[in-house]
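> What follows is the residue order along each chain.
There are 2 protein chains.
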Amino acid sequence: MARHDRTQDELVTGILEGDRRALARAITLVEARTREGEELVRRVYPRTGRAATIGVTGPPGVGKSTLVGALTRHVRDLGKTVGVVSVDPSSPFTRGALLGDRIRLADHFLDPDVYIRSMGTRGHLGGLAEATLETLLLVDASGKDVIFLETVGTGQSEVEVIGSVDQVLLVLMPGSGDSVQALKAGIMEIPDVIAVNKLDHPAARTMAQEVRSIVALEPDRDRRPAILLTEAVRGDGVPELWVALEARRAALAERGELDERRRRNLEAEVEALAVSRLREHARRAMGEDAHVRDLVVGVGRREVDPLTAVAALVEAVVAGERS
Amino acid sequence: MARHDRTQDELVTGILEGDRRALARAITLVEARTREGEELVRRVYPRTGRAATIGVTGPPGVGKSTLVGALTRHVRDLGKTVGVVSVDPSSPFTRGALLGDRIRLADHFLDPDVYIRSMGTRGHLGGLAEATLETLLLVDASGKDVIFLETVGTGQSEVEVIGSVDQVLLVLMPGSGDSVQALKAGIMEIPDVIAVNKLDHPAARTMAQEVRSIVALEPDRDRRPAILLTEAVRGDGVPELWVALEARRAALAERGELDERRRRNLEAEVEALAVSRLREHARRAMGEDAHVRDLVVGVGRREVDPLTAVAALVEAVVAGERS
Numbered sequence: 010m011a012r013h014d015r016t017q018d019e020l021v022t023g024i025l026e027g028d029r030r031a032l033a034r035a036i037t038l039v040e041a042r043t044r045e046g047e048e049l050v051r052r053v054y055p056r057t058g059r060a061a062t063i064g065v066t067g068p069p070g071v072g073k074s075t076l077v078g079a080l081t082r083h084v085r086d087l088g089k090t091v092g093v094v095s096v097d098p099s100s101p102f103t104r105g106a107l108l109g110d111r112i113r114l115a116d117h118f119l120d121p122d123v124y125i126r127s128m129g130t131r132g133h134l135g136g137l138a139e140a141t142l143e144t145l146l147l148v149d150a151s152g153k154d155v156i157f158l159e160t161v162g163t164g165q166s167e168v169e170v171i172g173s174v175d176q177v178l179l180v181l182m183p184g185s186g187d188s189v190q191a192l193k194a195g196i197m198e199i200p201d202v203i204a205v206n207k208l209d210h211p212a213a214r215t216m217a218q219e220v221r222s223i224v225a226l227e228p229d230r231d232r233r234p235a236i237l238l239t240e241a242v243r244g245d246g247v248p249e250l251w252v253a254l255e256a257r258r259a260a261l262a263e264r265g266e267l268d269e270r271r272r273r274n275l276e277a278e279v280e281a282l283a284v285s286r287l288r289e290h291a292r293r294a295m296g297e298d299a300h301v302r303d304l305v306v307g308v309g310r311r312e313v314d315p316l317t318a319v320a321a322l323v324e325a326v327v328a329g330e331r332s
Numbered sequence: 010m011a012r013h014d015r016t017q018d019e020l021v022t023g024i025l026e027g028d029r030r031a032l033a034r035a036i037t038l039v040e041a042r043t044r045e046g047e048e049l050v051r052r053v054y055p056r057t058g059r060a061a062t063i064g065v066t067g068p069p070g071v072g073k074s075t076l077v078g079a080l081t082r083h084v085r086d087l088g089k090t091v092g093v094v095s096v097d098p099s100s101p102f103t104r105g106a107l108l109g110d111r112i113r114l115a116d117h118f119l120d121p122d123v124y125i126r127s128m129g130t131r132g133h134l135g136g137l138a139e140a141t142l143e144t145l146l147l148v149d150a151s152g153k154d155v156i157f158l159e160t161v162g163t164g165q166s167e168v169e170v171i172g173s174v175d176q177v178l179l180v181l182m183p184g185s186g187d188s189v190q191a192l193k194a195g196i197m198e199i200p201d202v203i204a205v206n207k208l209d210h211p212a213a214r215t216m217a218q219e220v221r222s223i224v225a226l227e228p229d230r231d232r233r234p235a236i237l238l239t240e241a242v243r244g245d246g247v248p249e250l251w252v253a254l255e256a257r258r259a260a261l262a263e264r265g266e267l268d269e270r271r272r273r274n275l276e277a278e279v280e281a282l283a284v285s286r287l288r289e290h291a292r293r294a295m296g297e298d299a300h301v302r303d304l305v306v307g308v309g310r311r312e313v314d315p316l317t318a319v320a321a322l323v324e325a326v327v328a329g330e331r332s
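As they're listed, the protein sequences go chains Z and V. For the first sequence, my numbering gives the first residue as 10, with consecutive numbering after it. For the second sequence, my numbering gives the first residue as 10, with consecutive numbering after it.
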């Protein structure tokens, strides 16, 4: 394919001016894990930190994408620009299956002030987290006011990804019994705001009540999430949901918690990305280092214990880094 | 506490003879991440690999512990010895809240041929995976025929832990809508056997039917899990569940898949444990290495980009390993 490769300078200028083709090209470079993409992130980083980032999580099938679509339309009506980054393999954003969607997410694709990108989730998990963080930074630098990060509420790298946003919106629906149990058992972290979607369902109010009684156990009132009923397809409850998200954000900022959270998020990200790079090295050593391979085969034969192989692998990674 | 510290040799002999106090002591050493614990695992490792290991996973509240208790009783009646290792923070095994449990799990604590141990889950996640693997090896070396590993089906380290067993039993109940959606979306891996617990619930059969229709989409018939209805409190369906688990295991063994799976599990464990050690080093460097600390603070101020900090952190870990 004949493609005009713009210079780094042109790309940086394009991103900062909000040019969507420059942004798309930069994200492609980042997804391909190129040095060029890394360099772009480095250069635009001082211009990041302005966007309000909102993670939208929850089990598949609850209507996360539709809700993000409805929120996007509402936020656009308020005159703000929007970015949507999806790392949910079951999302219509990811599958590109937009035609059948009743709220016509496709409209947003044509709006120059909305940028939508889904991350390929079938590759390396570690690389995905890194590419997603870099994509968020690029979209932020391009001047979007609000960025929604859609993730499915399960799995390792999604957990890492959700740690990079200012606020978390958990979406549930009637029948989300497992998530309610996980909240109750303290296994799922309490989010900032909870939307119980599909409010027309006869069990929606009961579910909202159940969730309300669980979060009421949180002794710190400031940390108790707002719980709202929505019907994403029609947009019912969406303005109220946005008000709740803004109010929570303002409260976090006022208490100095937003800055603290961002600081902690950045630290956790630096750690996660370093670990993800070390993991890639470990994988390579397991495939290529003959000594490590022999030991691992020995483990399978119960001749070498796993801890000896682990120690050799750690050493191989270190040696690999050293050279 | 005045405790007679047995020698390594005595502990090794004790473990291999199935002495529960020796086993308990060894697991405590392993949980405390001591060199002595590691050495014990090394020494007994050649005697492992005999136990049939079964991971029991699923959302909280579905009755995993009660089902493990019922399976334990059934397997004991068949003359087999049993180990139970729990890494579920919401499990009654973990909380020690056994008195209220109607099937009286406590009985098993008094049976010399049943060994029950729950892992502390509030510490480092990486360390937990390592300690759990080592505990499984120790219980295996102690001669238990069947080992149940109870985990909750969410979160990072549980994912690593469940990768170390021969077979996975997923427990659901009516209302487990999120898990069903996750199976449908291909986000949750298809297990070997599925138990729909609480069969007295009016929706149990509907849920089993729904799950059946999802797994029917798997083109390889051999990989379609058996789906059984159980009522763990009364033990209904438990003998049938055990038959299904044994049949699946026999089929795996016949096709050579059991050995292949064990080999892959061991490889994945070696990698996961190496990564977990590298993560501990990274955490230490973030706290102690002045250069890394400065960079991370700079990231928070948008003065240093995260990728520069990541590179420095990786380097610090490597330097730390080297010295």
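Source of the hints: derived by calculation from the structure; they are not laboratory data. Each hint should be verified, as a subset may be incorrect.
Identical chains share a label here; the pair holds if one copy fits it or two copies do between them.
Keeping only pairs whose Cα atoms sit at most 20 Å apart, straight-line, the calculated SDA-like set for lysine to any residue is [said to hold, decoys possible]: (1) Lys89 to Ala235; (2) Lys193 to Pro121; (3) Lys193 to Gly72; (4) Lys89 to Asp298; (5) Lys193 to Ala259; (6) Lys89 to Ala256; (7) Lys89 to Ala213; (8) Lys89 to Gln218; (9) Lys193 to Pro183; (10) Lys193 to Ala299.
Computed from a predicted structure; not experimentally measured.
> If a hint holds in the structure, say so; if it does not, say that too.
Hint check results:
In this assembly of identical chains, lysine 89 and alanine 235 lie within 20 Å of each other by CA distance neither inside one copy nor across copies; the values are 23 Å within and 51 Å between. Taking the closest pair of Cα atoms, lysine 193 and proline 121 never come within 20 Å of each other, the shortest separation being 42 Å inside a single copy and 35 Å across copies. For the homomeric pair lysine 193 and glycine 72, the shortest alpha-carbon distance between copies (15 Å) is at most 20 Å, but the shortest distance inside one copy (22 Å) is not. In this assembly of identical chains, the alpha carbons of lysine 89 and aspartate 298 never lie at most 20 Å apart, being 52 Å within a copy and 42 Å across copies at closest.
In the homo-oligomer, the alpha carbons of lysine 193 and alanine 259 never lie at most 20 Å apart, since the shortest distance is 27 Å inside one protomer and 38 Å across protomers. For a Cα distance limit of 20 Å, the shortest separation of lysine 89 from alanine 256 inside one copy, 16 Å, qualifies, whereas the shortest one across copies, 59 Å, does not. With identical chains, the CA atoms of lysine 89 and alanine 213 are never at most 20 Å apart, being 31 Å at best within one copy and 47 Å at best between copies. Taking the shortest alpha-carbon separations for lysine 89 and glutamine 218, neither the intra-copy value of 33 Å nor the inter-copy value of 46 Å comes in at or below 20 Å.
Proximity of lysine 193 and proline 183 under a CA criterion of 20 Å is satisfied in both settings, with 16 Å inside one chain copy and 17 Å between copies. Proximity of lysine 193 to alanine 299 under the C-alpha cut-off of 20 Å is found in neither arrangement, the shortest distances being 48 Å within a copy and 40 Å between copies.
Comparing the model with each numbered hint stated earlier shows that hints 1, 2, 4, 5, 7, 8 and 10 do not hold.
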